[in-house]
Amino acid sequence: MFRSFAVPLVVAALAADAPGQTNVRQRLLPVTAPVRHAGTFHVATGTWTRKSSLANLVGPDVIYNNTCAAAYFSRQQFREKWQHRSCLPSPTHPTVPSAYYPQRNDEAPGCATSYTIDGFEFAYCSSTGTGGPNHIDYLFEFTDSYTNCADLDMTATTSILLTGLPGGTPTGSQCCWIIDVDLAGSGQSFVLQGDGDGTYSGPSTNEQFGWSFGPASANVTLATFTGPIISGDFTWTGGSTTGVLTPCTGTDGTLWDAPVSLIEEGTGMASNDFFRATGNASLPNGPGCYSYGGNPHADFWLKLFGDAGCADPMTSLCTPGVAGVIPCPCQNANSAYDSGCGNGLFDGGASLSASGTPSLSADTLQFTTQREWPHAMSVLAQGTSVIPGGVVYGQGVRCVGGSLVRLYAVDAVGGSIVVPRPGDPSVSARSAQRGDTIPPGGVRFYLVYYRTPQVQGGCPPTSTFNCTQTGSIVWAP
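With the working numbering applied, the sequence shown corresponds to residues 1 to 477, in that order.
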């Protein structure tokens with residue numbers, strides 16, 4: 001049963017206009033009703049599973065998450081479309097440590113060049129009902145790449161019309177809803193390219209997918225106070241009536257977020273603080289680019305689900321200063337999770353990641369680093385055991401122990417190495433060459449250490465090297 005709540009017509013006082021966008025505070029309203037999960041709508045059958053999220057039903061990966069937090073929503077009307085953009089990362093997307101939360105990342109590499117979207121989640125408030133139906137229709141559209149808010153409408157590659165969604169109460173009081181949309185078996189699952197075209201060229205704000213949403217039923221007017229819940233900026237949450245600031249706790253909230261145990265509601269990866277209004281847009285400048293003056297963020301509740309098909313073969317370990325690991329030794333504490341100590345260029349330090357398959361019979365395992373010094377001499381080392389608390393290692397912390405072997409030694413290019421390179425023996429073959437034949441089911445530990453020309457405070461002048469965090473690999477037959 002849907003509960004009813006009254007709507008106070010009060011708009012919070014907000015910050016000044018964002019540069020280049022027209023402010024539309026007059027469309028902004030506080031969320032005053034509890035935001036309730038209406039359930040999952042199955043497009044293939046036109047049926048609902050009540051009191052259940054899509055993740056609980058089918059367990060797909062969360063590959064985009066912008067759901068923190070529900071304090072305001074914004075009114076729309078029939079045939080009006082709002083077009084927004086944000087980021088799905090490709091494997092070449094950079095890691096960007098959070099500027100606000102130590103040892104958290106705001107952006108991170110993806111694990112595929114494209115992702116099949118099998119479901120999505122959105123949230124809205126509505127006061128439809130007085131003198132008419134209290135159900136509404138919404139049209140959603142998506143595209144791989146959308147970067148021009150000011151001049152051009154988004155060209156959709158996928159359109160999904162949802163009908164009969166819950167609105168307000170029969171007496172016109174506010175209800176707020178989270179809806180999960182299951183696309184499986186409907187023929188309407190769609191593909192989005194990572195970073196817009198499968199590869200990152202930067203900056204992140206030019207590497208974005210587009211999505212559009214708008215009411216498709218004539219009973220939605222500005223007087224029915226119906227529209228999307230605003231999400232994604234951690235500086236303003238807490239609601240318009242309490243005056244209590246309750247910030248979100250960090251970064252993007254997807255399967256690439258780290259550490260997994262601290263995943264927050266989601267603030268959207270590289271999401272923009274503006275949107276394009278088009279269609280039946282009765283706004284100050286008609287179709288064009290709009291914001292809410294910078295506070296709250298002109299961003300909207302959206303979660304994308306899909307099987308990313310990219311389980312990470314490496315388990316990251318040994319973030320200095322976290323979970324019992326010793327801190328960085330040279331006044332160079334790292335600011336990013338799953339990375340080594342700061343190296344004088346990047347406070348986040350260098351990070352190690354893996355891709356491919358660690359199989360002794362079909363070994364395609366490959367390691368990649370980010371945020372080293374640009375041309376640093378770099379060595380991938382392998383060990384047979386882990387040192388849980390780590391030991392000081394140059395300007396870094398090493399958790400690789402046991403029998404150690406050097407597998408590959410290369411110079412970084414732009415602060416990154418990828419090994420093995422074309423023509424190199426595979427990781428398992430090189431390990432055997434170095435005297436460590438890995439058995440089926442064997443576990444090995446890896447890190448990259450690299451030269452740094454700058455010795456940071458508190459370390460002896462001989463400490464001219466640093467290292468990534470440690471990772472473990474379980475080798476299949």
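Hints listed in this document are in silico derivations from the structure and should not be mistaken for laboratory results. The beta carbon of each residue, even a glycine, is placed where N, CA and C say it ideally should be. It is possible that some hints are incorrect.
[As the list claims (entries may be wrong)] 20 angstroms max Cα-Cα, derived SDA-like pairs, lysine to any residue:
no.	residue 1	residue 2
1	K51	P166
2	K51	T155
3	K51	P30
4	K51	W177
5	K51	H37
6	K51	S145
7	K51	D151
8	K51	L165
9	K51	A184
10	K51	S114
11	K51	G39
12	K51	R36
13	K51	V35
14	K51	P34
15	K51	S217
[Claimed, not checked] So the derived label-pair ranges between C-beta atoms look like this:
no.	residue 1	residue 2	range
16	L345	T384	28 to 38 angstroms
17	G356	G286	44 to 54 angstroms
18	L152	P425	24 to 34 angstroms
19	D151	R79	18 to 28 angstroms
20	G321	H135	51 to 61 angstroms
21	L345	V405	26 to 36 angstroms
Q) Taking the beta carbons of L345 and T384, is their distance inside 28 to 38 angstroms? A) Taking Cβ atoms as reference, L345 and T384 lie about 32 angstroms apart, which means the hint holds.
Sort out whether D151 lies within 20 angstroms of K51, counting only the CA atoms.
-> Violated, at roughly 41 angstroms.
Confirm or reject the claim that D151 and R79 have a C-beta distance inside 18 to 28 angstroms.
holds, 21 angstroms
**OP:** Verify the proposed pairing of K51 with S217, using a straight-line Cα cut of 20 angstroms.
**Re:** violated, 25 angstroms
With the threshold set at 20 angstroms, check whether the alpha-carbon distance from K51 to P30 stays at or below it.
Between K51 and P30 the Cα gap is close to 25 angstroms, so the pair fails against 20 angstroms, i.e. violated.
Range hint compliance [Cβ, L152 to P425, 24 to 34 angstroms]: The hint (24 to 34 angstroms, Cβ to Cβ) is violated, given that L152 and P425 are roughly 50 angstroms apart.
* Do the beta carbons of G356 and G286 sit within 44 to 54 angstroms of each other? -> Hint holds: Cβ distance 51 angstroms, inside 44 to 54 angstroms.
Taken at face value, is the distance from the CA of T155 to the CA of K51 at most 20 angstroms? Between K51 and T155 the Cα gap is close to 34 angstroms, so the pair fails against 20 angstroms, i.e. violated.
Restraint status (C-alpha distance of K51 to V35 at most 20 angstroms)
Cα-Cα ~13 angstroms, so holds.
**Asked** Okay, G321 versus H135 on CB: inside 51 to 61 angstroms?
**Response** holds, 53 angstroms
- [ ] With a cut-off of 20 angstroms on the C-alpha distance, tell me whether K51 and L165 pass.
- [x] holds, 15 angstroms
Check whether the Cα positions of K51 and P166 lie no farther apart than 20 angstroms. holds, 14 angstroms
Checked against the numbered hints above, the structure violates hints 2, 3, 6, 7, 10, 15, 18; every other hint is satisfied.
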